[in-house]
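If you're matching them up, the sequences are chains A and B in order. Residues in the first sequence are numbered consecutively from 1, following this note's numbering. Residues in the second sequence are numbered consecutively from 164, following this note's numbering.
By construction, these hints were calculated from the structure, which means they are not laboratory data. Heads up, some of the hints might be wrong.
Unchecked claim - Simulated coverage check for chain B against chain A, where a stretch passes if three residues somewhere in it have a Cβ under 8 Å from a Cβ of chain A: (1) 396–404; (2) 463–469; (3) 506–519; (4) 542–550; (5) 579–592; (6) 600–606; (7) 826–836.
Don't be surprised by glycine CBs; every beta carbon is placed ideally from N, CA and C.
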Amino acid sequence: MISIKINGQIKELDVDPSTPLLWVVRENIELTGSKFGCGLGLCGACTMHMDGVPIRSCITPIAAVGDKEITTIEGIGNLNDGLHPVQQAWIDEQVPQCGYCQSGQIMTAIALLKSNASPSDEEIDKAMNGNICRCGTYGRIKKGIKKASELAIINNLKISENG
Amino acid sequence: MGKWKRRAFISAGILAGGAVIVGVAIRPGNRASKVKNIIGNDEDAVFNVWLKISPDNTVTAIIPHAEMGQGVHTSLAMMLAEELDADWSLVKFEEAPAHKQYANYTLIDGFIIGEKKIPSLLQGTLDGAFLALTKKMDFQITGGSASVRFTGVKGMQLAGAATKSMLKEAAAKEWNVNVDEIKTEKSILSHPGTNRSAKYAEFAHAAAKLSMPGKPKLKAITEYTLMGTSPSRFDLPVKVDGSAKYGIDAAPPGLKYATVKASPVFGAKLKTADTSVAEGMQGVQKIVVLENAVAVIADGYWQAKQALAKINIEFESTENDQINQKSIFDTYGSILDEVAEGKNRKKDYKSGDIETAYSNANKLIEAEYKVPYLAHATMEPMNCTIWFREGKCDVWTGSQNPLGFRGAVAETLKINDDQVFIHNQFLGGGFGRRAENDVSIQAAMIAKDVNYPVKLIWSREEDIRQDVYREATISRFKAALDINGMPTAYSNQYLIKHHPAEASQIPYEINNKSVYYADGKTHIPWGNWRSVDHTVHGFTTESFIDELAHASGKDGYEFRQSLLQNNPAYLKVLDLAAEKANWNSELPKNWGRGIALQKSFGTIVAEVAEVEIIDNEIKVHRVVCAADPGFAVHPDGFIAQIESGVIYGLTAALYGEINIENGAVVQSNFHDYQILRMSETPKIETYIINSGTAIGGGGEPGTPPIAPAVANAIFNAIGVRVRELPLKKADLKQKEVIG
Ligand code: FES
Ligand code: FES
Numbered sequence: 001m002i003s004i005k006i007n008g009q010i011k012e013l014d015v016d017p018s019t020p021l022l023w024v025v026r027e028n029i030e031l032t033g034s035k036f037g038c039g040l041g042l043c044g045a046c047t048m049h050m051d052g053v054p055i056r057s058c059i060t061p062i063a064a065v066g067d068k069e070i071t072t073i074e075g076i077g078n079l080n081d082g083l084h085p086v087q088q089a090w091i092d093e094q095v096p097q098c099g100y101c102q103s104g105q106i107m108t109a110i111a112l113l114k115s116n117a118s119p120s121d122e123e124i125d126k127a128m129n130g131n132i133c134r135c136g137t138y139g140r141i142k143k144g145i146k147k148a149s150e151l152a153i154i155n156n157l158k159i160s161e162n163g
Numbered sequence: 164m165g166k167w168k169r170r171a172f173i174s175a176g177i178l179a180g181g182a183v184i185v186g187v188a189i190r191p192g193n194r195a196s197k198v199k200n201i202i203g204n205d206e207d208a209v210f211n212v213w214l215k216i217s218p219d220n221t222v223t224a225i226i227p228h229a230e231m232g233q234g235v236h237t238s239l240a241m242m243l244a245e246e247l248d249a250d251w252s253l254v255k256f257e258e259a260p261a262h263k264q265y266a267n268y269t270l271i272d273g274f275i276i277g278e279k280k281i282p283s284l285l286q287g288t289l290d291g292a293f294l295a296l297t298k299k300m301d302f303q304i305t306g307g308s309a310s311v312r313f314t315g316v317k318g319m320q321l322a323g324a325a326t327k328s329m330l331k332e333a334a335a336k337e338w339n340v341n342v343d344e345i346k347t348e349k350s351i352l353s354h355p356g357t358n359r360s361a362k363y364a365e366f367a368h369a370a371a372k373l374s375m376p377g378k379p380k381l382k383a384i385t386e387y388t389l390m391g392t393s394p395s396r397f398d399l400p401v402k403v404d405g406s407a408k409y410g411i412d413a414a415p416p417g418l419k420y421a422t423v424k425a426s427p428v429f430g431a432k433l434k435t436a437d438t439s440v441a442e443g444m445q446g447v448q449k450i451v452v453l454e455n456a457v458a459v460i461a462d463g464y465w466q467a468k469q470a471l472a473k474i475n476i477e478f479e480s481t482e483n484d485q486i487n488q489k490s491i492f493d494t495y496g497s498i499l500d501e502v503a504e505g506k507n508r509k510k511d512y513k514s515g516d517i518e519t520a521y522s523n524a525n526k527l528i529e530a531e532y533k534v535p536y537l538a539h540a541t542m543e544p545m546n547c548t549i550w551f552r553e554g555k556c557d558v559w560t561g562s563q564n565p566l567g568f569r570g571a572v573a574e575t576l577k578i579n580d581d582q583v584f585i586h587n588q589f590l591g592g593g594f595g596r597r598a599e600n601d602v603s604i605q606a607a608m609i610a611k612d613v614n615y616p617v618k619l620i621w622s623r624e625e626d627i628r629q630d631v632y633r634e635a636t637i638s639r640f641k642a643a644l645d646i647n648g649m650p651t652a653y654s655n656q657y658l659i660k661h662h663p664a665e666a667s668q669i670p671y672e673i674n675n676k677s678v679y680y681a682d683g684k685t686h687i688p689w690g691n692w693r694s695v696d697h698t699v700h701g702f703t704t705e706s707f708i709d710e711l712a713h714a715s716g717k718d719g720y721e722f723r724q725s726l727l728q729n730n731p732a733y734l735k736v737l738d739l740a741a742e743k744a745n746w747n748s749e750l751p752k753n754w755g756r757g758i759a760l761q762k763s764f765g766t767i768v769a770e771v772a773e774v775e776i777i778d779n780e781i782k783v784h785r786v787v788c789a790a791d792p793g794f795a796v797h798p799d800g801f802i803a804q805i806e807s808g809v810i811y812g813l814t815a816a817l818y819g820e821i822n823i824e825n826g827a828v829v830q831s832n833f834h835d836y837q838i839l840r841m842s843e844t845p846k847i848e849t850y851i852i853n854s855g856t857a858i859g860g861g862g863e864p865g866t867p868p869i870a871p872a873v874a875n876a877i878f879n880a881i882g883v884r885v886r887e888l889p890l891k892k893a894d895l896k897q898k899e900v901i902g
C-alpha cells in the first residue's frame, strides 16, 4: 500500500511503486484533468505540483512522492466553487483552443506567479518553455499570465495553490 | 432528373442551387421527426435538426461538428441566434449525436465540388449523386474549415431565419394582426400596435405545425448585432479546470487499458511474437496478436506498456524495407524528369502558348523545391475506448468524423451500424488526423473478444510513427521574364495531387501557364494535414514568385502588386499586410522581411514575416497577417485560429520533418519531432477584412503563407534562397547569386 496526499486528501493505493504518478492519478484516483502528452518529460501536459513545485508527473514514480503534497488542476478551482485568478484570466483572454495542454500550462503558470508576482516577458518565456501547445496559444498564455498577475495585484491577492 | 430528387429539392427549398445536398436541413414532419426522439423531450418542439426551443425559452443549437478548439459550437450557435433574434444569454448548444440525419451533406458540397460552378442544367443530377454518395460514406466530418462555411451558412442561419418567420406567422395568426408588424428581439415576439408580446416558447408549438417558408430572408451584414462580436466561448470554462472530457478521459465502469505496437514498416505483417515473459507480468489481462501488431490489455496503461516492451516481436520483411528518404526523392526526381519529357503526366491547368513565350524570353528562371513528410502530432495521442458486449458496442473517442467511425467499427465487429454508439468527446487537436478511422478499427479488433471496456492509448512514439502523413514532394518551376522584368510564362511540375484542386493555382496575371503533375506512390500512408495541398504549394509557388521578383530587380511586394491589378480582393489583403508591417521601413543588419499570399478554404491571407539571422539560426520576431474571410463571425476566435495556423505552419517550416529509413519513420517523440515553444513564438498581429463575400474558413488558411513568408524574409536578410524545408537544415552562411 502506498499512501499519497493529493488535493488535500489522503489516498491509499495498491500500485506498483514504479508506476508514474500521472497514471496513478488518472487511472486509480480517477482525476483526469492532468494529461498524457509524451511520457518523457518533454511537453508539460502532465504538470502537477509537488509541495508547490511544478513536476512532470509522467516521469515521477509514485514511490518518489513520499509524504509530499500533490496538487492537480482539480485542486486549483472550478466554476462552481470559484475560479483561481489564473483560470479566470484564461477565460477572459480566451486562451484555450483544443484545451488539451491547458491544465499543464495553468499549473506551470501558477507556480511561476507564486514565485514571481509580475514576471517579465523573458521570465514568462523561461518558465513556460517546457510546456508545448500544439494549437499555438502561446501569445494568449502570455497575456493570460499578465492578466492573472494584474487580477491578483488589484485584488491584493497573493497567488497560491488555490487562489 | 428523378422524381425523388425533385421532391427533395423542393422540400429543402430554402437553398438556391444545390439544395438537395442539404439533406439534414429543414423538412418538418419528415427528417426532423426522425431525429425528434434523439434530441428532444416531449416538451420541446423540434423545428428541424438544427435547433430546439424549450418551454423555458432557451434555444438550443444542435451542432453537427466536434469541438476541436475552433470555437465552432459558439460560432454556429451565434449564426443561428443572429437570424432568430434570440437572446444570447438563453442560447445553448448540443453536439449532434452520430446519427445519419446529421450527415454533413453540405460539407461534401463545398469540399468536393469546391468553388466550381455547376451548370444549372446538371445540378439536380449532380447533387442527387452527391447525396447518394455521402449517405453511403456516412460523412459527418469536422475539417476543411467546413463548419462555419457550410453548416453555418446553409444550416444555422437559414434555420434561424426560417424559424423566426414561422414564429412570427404563428403569432400573427393568434393575435390576428399583419405578420409584417410583428417585431422580434431577444427571444420575444411583440406587436407594438396592440401592445402585445410573448416569449418565443409560447408560440413554438404552433409555429412547428406551420410549413417551412420557402426562402427565409437572411439579414444583411449591416443588420448583424451578434455576428461579428466575440462573446466568451462555450467551451472555455471546462478547459481551465480539468473537467473537459477528451477521448483519453473516458471512464466506463470496469475499464481496462491497452497499448499497441504495429509494424514500423507500413504494410508489413507480423511474423512472430514471443509473449512468454509478458504474459506473467503483473496486471496483464490479455495479449492480442493482430495481423500487423501486438497489443497488451492490462489493469493500467503503464502495466500494458511495460509488458508490451517485454514482447519480442518480429515482422515479415517486405519490398519496402530498403526504402529511405533519399530513395524516395531520387525516384520522385526521375518521375519529374519523365514529366518534363511529356511522359506519365497529368494536366493540372494550362493557358496560352508557353513554348513561344519561352523562346521570346529575355530571361529564364528555373528552380526546384522540396518538402518533407509531416506528422500531425496532435497534443492528445491517438486513443479510442471500445465496449463491445451483447452485440452492441459503445465507442468513446474524439472524432472529426463520428459517423464514419461508427460505420468502420460496425464493419470490424460485423454488427449493424445502429448497434454502435459513438460518444464523441473533446478532441485534443484534430488537424485532419482525427478524421481517420484507423485507431477505432484497431481498438475494436483488440477489444472484440473481451466483454469489458478497453481503452486503447497509443504511446507518443506510436502516434508519430503510425500517422498518416503530409506528403514529401518535389516541385519544379520555370518562368520567363520579358525585357521589363515582367513574367510572360510560368510552368510548374510537381508530384501528388490530393485537394483542394485549386491549391496549385497562383493568383497572378501571367498570360502563359502550364502546370502538370504526376503520381508519386509510396507505401507511406497519406492523410489530410492542416490545409492539405496548400501547405506544399503555398511554400513552393510563393517562394518562386519571390525569386522572379528579385530576378526582375523588384521587391517582392511591389512585384506581386503589379501582377494583381485585376485581382482587387487579393490586392487589398496584400496591401493591408504590407501597410501594417511597415513594409518599407528600415531593418537592422541581418534582419529581413518577406511576404506571401495564399487563398485557402475560402479565405485570402497575406503574411509578412520579420526575421533575424544570428549565425546560422533563424529568429522570427514578428508576423503580420491580413485575412479576408468574407465575414468573421467571432473575430476573436477567428484571430485565435489564424495565430494557431501560423504557429502550426511555423513549426513545420522551421523544424517539421519526418524521415523514412529502412521503410519506417525515424522520428518518435518531441525531442526529434520538435514543436515550436513559447520563447520561439513571434509577435503575431492579425487584421481582418470583412469583404462580405461567402464566409471562408479560419482553421486552415493561416498555415500556408507562413513558410514562404519566412523563407522570403531569409532571402531579404542575407541573400540566401532556401528551397527545401525544414529551414533548420539550411546553410545560412553561404550566399548565392540569383538569376
Ligand atoms: S506527458 Fe509528461 S511531459 Fe509530456
Ligand atoms: S490548446 Fe490545444 S494543445 Fe494547447
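I'd like to know which numbered hints this structure contradicts. Please list them from smallest to largest.
3 and 6
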